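Protein sequence lines correspond, in order, to chains V, W and G.
The numbering used here puts the first residue of the first sequence at 1, with every later residue one more than the last.
The numbering used here puts the first residue of the second sequence at 357, with every later residue one more than the last.
The numbering used here puts the first residue of the third sequence at 572, with every later residue one more than the last.
Since the hints were derived computationally from the structure, they do not count as laboratory data.
A quick note: this is a predicted structure, and the numbers were derived from the prediction, not measured.
Just so it is clear, CB atoms sit at the ideal spot from N, CA and C, and this is done for glycine as well.
The reader is advised that the hints may include incorrect statements.
[Said to hold, decoys possible] When the alpha-carbon atoms are kept at most 27 Å apart in a straight line, the in silico DSS-like pairs for lysine-lysine are as follows: (1) Lys-67/V <-> Lys-38/V; (2) Lys-297/V <-> Lys-646/G; (3) Lys-14/V <-> Lys-714/G; (4) Lys-770/G <-> Lys-688/G; (5) Lys-706/G <-> Lys-770/G; (6) Lys-431/W <-> Lys-492/W; (7) Lys-74/V <-> Lys-535/W; (8) Lys-67/V <-> Lys-394/W; (9) Lys-688/G <-> Lys-14/V; (10) Lys-578/G <-> Lys-645/G; (11) Lys-394/W <-> Lys-38/V; (12) Lys-645/G <-> Lys-714/G; (13) Lys-74/V <-> Lys-395/W; (14) Lys-431/W <-> Lys-74/V; (15) Lys-159/V <-> Lys-590/G; (16) Lys-700/G <-> Lys-770/G; (17) Lys-38/V <-> Lys-74/V; (18) Lys-714/G <-> Lys-688/G; (19) Lys-297/V <-> Lys-714/G; (20) Lys-38/V <-> Lys-535/W; (21) Lys-297/V <-> Lys-590/G; (22) Lys-706/G <-> Lys-297/V; (23) Lys-51/V <-> Lys-535/W; (24) Lys-645/G <-> Lys-754/G; (25) Lys-519/W <-> Lys-67/V; (26) Lys-815/G <-> Lys-14/V; (27) Lys-645/G <-> Lys-770/G; (28) Lys-67/V <-> Lys-535/W; (29) Lys-578/G <-> Lys-770/G; (30) Lys-646/G <-> Lys-578/G.
[Stated by the list, open to error] Here are the in silico distance ranges between beta carbons for each label pair: (31) Thr-691/G <-> Thr-218/V: 42 to 52 Å; (32) Lys-38/V <-> Glu-520/W: 24 to 34 Å; (33) Ser-495/W <-> Thr-167/V: 49 to 59 Å; (34) Asp-699/G <-> Ile-17/V: 19 to 29 Å; (35) Gln-719/G <-> Ile-342/V: 20 to 30 Å; (36) Phe-720/G <-> Met-335/V: 25 to 35 Å.
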Amino acid sequence: MQSILHKFRRQSVKFNIIILSAVLLAVIIFSVSVGSAKLSFAESLKLAAAKLPFAGRFVDSAYLGTKYETIVWKVRMPRTLTAALVGASLSLVGAAFQGIFRNPLADPHILGVSSGAAFGATLAMLTGAGAGFMGLGTVGIFAFAGALAVVFLVYSISKISGEISATSMLLTGTAISTFLSALISLLMTFHNDQIEKVYMWTMGSFSSAAWGKVGFLTLFAAIGAGILLMYARKLNLILMGDDDAKCLGIDVDRTRRHIIAAASILVGASVAVSGVIGFAGLMIPHCIRLVAGADNKKLMPYSFLLGAIFMTLCDVAARTVAAPTEIPVGIITAMFGAPYFIFLVLRRRKGIVLQP
Amino acid sequence: MFSGTDLGSLYTPDIEKIISLEPDLVIVSTHFDEENAKKLEDLDIPVLTLYEEHDVTGVYDMIDILGTAVNRNAKAAECVSEMQSVIEEVSAAVEGLEIPSVYYVVGYGEYGDYTAGGDTFIGGLIELAGGNNIAKEVSGWNITLEEIVEADPSIIVISENDKEGFMSNENYADLTAVKNENVYTIDTNLLDRQGYRNAEGIRELAGIFHPEAFQ
Amino acid sequence: MGNNLDKIQINGLVWQPDKNAEPVLSDVNAMLHSGSFYGILGPNGAGKSSFVRQLLRLQMRNSGELAFEQNGIKKDINSITREQLAGMISFLPQSIVSDVDFTVYDVVAMGREPHRKRFTPLNREDRDKIEEAMKFTNCYHLKDRRIQFLSGGERQRVMIARTIAQDTPWIILDEPVSSLDMKHQYDVMLVLERLRTEKEKTIIAILHDINLASAFCSRFILMKEGSVYAAGPAKEVLTRQNLKEVYDMEFDFIKSPEHDRIYITAKYKTDIRRNNSNEIK
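All chains, please: the whole structure from these sequences, using the hints.
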């Protein structure tokens with residue numbers, strides 16, 4: 001195992017990205033081919049291939065009927081892509097936050113953005129659902145708005161206090177998060193019958209994925225990821241220390257602000273679409289860092305891809321392990337995450353760290 | 357039939373209020389907290405717990421018990437026989453008619469898809485009303501979107517509140533029933549709560565499944 | 572280009588970060604010329620780090636003059652952009668983050684940041700400067716190692732290589748040798764001296780070891796309680812009287828029997844008085 005990881009580290013960034021992308025493609029195809037409908041693996045593959053530009057010509061799937069085509073293309077495919085995009089986004093944000101806060105325990109939910117989204121979603125659920133906009137249902141829109149509101153709040157409060165330091169933002173985020181959680185609980189006290197709904201939503205799930213949401217996510221993932229990747233090199237410098245970075249010409253405050261804004265919007269979009277899914281954003285960048293080091297020019301793209309792979313697989317597990325009951329995806333990611341973390345702790349103790 | 361006084365919520369009833377009203381009998385469902393039941397019993401207030409029934413015949417038994425408890429046996433028997441005749445009427449009317457596939461929406465969308473499985477009370481009502489519940493094989497309440505699309509029911513039954521959201525949700529747009537606007541609403545109180553009104557519920561369902569027979 | 576820096580002029584500089592406390596720097600006056608190796612000395616709390624951080628605008632002063640002179644034109648430091656500053660002075664802070672997983676090469680390459688455009692990878696010139704910098708401090712053989720696993724001395728050489736790679740005419744170092752063993756201290760000071768003589772850089776270093784400073788530095792700034800107590804060549808600054816005032820200790824000045832050096836050592840209470848022909852009064 002060690003030797004494979006060593007090889008991974010030695011390859012160029014481009015090569016590794018190609019490998020990871022190939023794995024992601026394979027995982028997506030796999031995900032689209034499994035489900036609770038009575039479709040065989042081969043039949044699902046045929047249906048998936050049928051709509052692709054090249055492969056489509058060689059595949060005859062018409063006999064399976066539109067019903068199954070709908071299942072593969074309108075149920076499984078958007079769901080798979082949503083899982084991949086959410087996984088990618090959360091992992092990328094995890095990497096960014098771990099860098100900007102210089103804390104390997106930072107995760108995408110650390111600034112309270114997710115609590116804002118959960119609160120928005122709760123409000124929407126209580127006032128009743130209706131039509132949507134931009135591919136999101138009312139719940140999604142409220143969730144996204146809640147997320148953005150928190151970003152704005154955290155930033156404004158930090159600005160007023162005079163310093164836009166990482167610590168002040170973290171403290172504000174934690175406070176807001178706790179407050180909103182309590183508020184949600186309060187609302188639940190008066191709306192007992194909605195507890196299950198809210199709980200299920202908060203736990204995170206891709207069951208309501210649709211092409212509209214995929215579009216929404218793709219838009220924000222592209223913008224957010226683009227901005228974050230743009231700042232990868234500067235983030236490296238900031239990791240060495242604020243003073244170091246400033247003396248190398250970096251406007252640390254501005255860079256930090258931009259990174260946090262882009263990352264928060266990315267988290268907001270993800271949570272608006274699929275609820276609060278924990279652990280992936282913490283775990284994936286950590287894994288990558290162990291193998292490839294802290295250089296964000298590698299850490300970020302690798303996290304993005306591995307995050308997509310991981311989340312897609314978790315979603316497959318979520319909907320097949322106990323079919324037809326769906327296990328909320330957040331549970332699956334946590335069940336992977338916790339043992340892994342303990343494993344890490346044990347590894348540290350034995351002093352086994354990857355050496356060049 | 358009774359005056360409505362707010363006694364708190366399903367899971368956290370206001371015990372003090374209940375006691376202050378000096379009831380002769382408190383009737384509760386299985387959700388009622390054991391501790392609270394004990395408090396009432398300690399004060400010599402009789403508590404009657406009604407358990408969920410599996411099917412309509414169970415409801416008849418429940419009504420009988422209630423009748424005995426409040427000393428209205430005759431009225432209870434009357435209710436039961438009324439229910440029975442309604443259901444017999446419905447059964448006769450739907451006899452031999454083509455049975456449509458039906459999907460009953462308990463929950464949908466963001467929170468997952470939920471329906472009345474074959475072994476549930478509502479599932480039984482659907483069958484009685486002459487419908488073929490696509491979730492017949494399902495035990496409990498869980499179903500996946502894939503399975504719904506695969507079964508592609510001819511009729512969808514949903515509560516009034518949820519219809520708009522359901523119809524505008526992208527995920528269900530491809531279902532035949534949605535495209536042909538065969539999505540019907542029903543007052544879910546008729547089905548969710550076990551009791552006298554279930555007969556009415558069955559008749560309404562039958563009316564949805566077999567409109568020709570119930571003009 | 573606009574990178575050369577002839578003088579830095581500081582007049583009456585005050586820095587009081589906490590309005591309810593004493594200013595950290597009060598009435599600092601100094602004139603720094605290019606081409607010298609400045610040793611900044613003084614007890615803990617004298618304001619050495621703060622002074623140096625003002626020169627890098629890591630802190631905003633409250634009042635006084637801080638001007639950079641280039642080609643005869645004086646500019647207030649506040650009117651110089653970060654990028655310009657990064658092209659003129661590089662900085663090695665006192666505490667170095669050591670738990671980040673970067674390779675030595677990565678770290679030294681960071682020094683090229685002010686010269687790089689946004690999305691471009693390292694070009695030929697960058698790579699040459701990086702290699703040159705690492706060879707100058709003798710850490711090129713460490714280039715693929717991860718900085719977490721280096722010794723203190725090795726890490727310090729890497730950090731200095733980074734400042735060299737930044738290719739600025741002035742270099743400021745905050746206690747570059749305080750945590751190193753004697754050999755490494757000497758090596759580092761040699762490197763700094765070579766930077767001055769071979770590459771014409773101006774060096775400003777905060778040092779605790781007076782002898783080390785006197786052996787290598789050409790100019791001295793002695794600080795006490797937030798201001799400059801004395802500035803200039805060793806003869807004027809490192810006097811018995813000055814050192815006693817600033818460090819509140821008595822010092823012996825001993826001439827080396829072998830070469831032309833004077834050792835300055837503190838007098839300890841436990842020292843037994845002895846007739847010593849080497850003692851200089």
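Hint-by-hint comparison with the structure:
no.	hint	result
1	Lys-67/V <-> Lys-38/V	holds, 11 Å
2	Lys-297/V <-> Lys-646/G	violated, 37 Å
3	Lys-14/V <-> Lys-714/G	holds, 21 Å
4	Lys-770/G <-> Lys-688/G	holds, 25 Å
5	Lys-706/G <-> Lys-770/G	holds, 14 Å
6	Lys-431/W <-> Lys-492/W	violated, 35 Å
7	Lys-74/V <-> Lys-535/W	holds, 15 Å
8	Lys-67/V <-> Lys-394/W	violated, 55 Å
9	Lys-688/G <-> Lys-14/V	holds, 21 Å
10	Lys-578/G <-> Lys-645/G	holds, 9 Å
11	Lys-394/W <-> Lys-38/V	violated, 50 Å
12	Lys-645/G <-> Lys-714/G	violated, 40 Å
13	Lys-74/V <-> Lys-395/W	violated, 54 Å
14	Lys-431/W <-> Lys-74/V	violated, 54 Å
15	Lys-159/V <-> Lys-590/G	holds, 20 Å
16	Lys-700/G <-> Lys-770/G	holds, 13 Å
17	Lys-38/V <-> Lys-74/V	holds, 16 Å
18	Lys-714/G <-> Lys-688/G	holds, 24 Å
19	Lys-297/V <-> Lys-714/G	holds, 18 Å
20	Lys-38/V <-> Lys-535/W	holds, 23 Å
21	Lys-297/V <-> Lys-590/G	violated, 43 Å
22	Lys-706/G <-> Lys-297/V	holds, 26 Å
23	Lys-51/V <-> Lys-535/W	holds, 23 Å
24	Lys-645/G <-> Lys-754/G	violated, 41 Å
25	Lys-519/W <-> Lys-67/V	holds, 23 Å
26	Lys-815/G <-> Lys-14/V	violated, 62 Å
27	Lys-645/G <-> Lys-770/G	holds, 24 Å
28	Lys-67/V <-> Lys-535/W	holds, 13 Å
29	Lys-578/G <-> Lys-770/G	holds, 18 Å
30	Lys-646/G <-> Lys-578/G	holds, 11 Å
31	Thr-691/G <-> Thr-218/V: 42 to 52 Å	violated, 28 Å
32	Lys-38/V <-> Glu-520/W: 24 to 34 Å	holds, 32 Å
33	Ser-495/W <-> Thr-167/V: 49 to 59 Å	holds, 52 Å
34	Asp-699/G <-> Ile-17/V: 19 to 29 Å	holds, 28 Å
35	Gln-719/G <-> Ile-342/V: 20 to 30 Å	holds, 23 Å
36	Phe-720/G <-> Met-335/V: 25 to 35 Å	holds, 34 Å
Of the numbered hints listed earlier, those contradicted by the structure are 2, 6, 8, 11, 12, 13, 14, 21, 24, 26 and 31.
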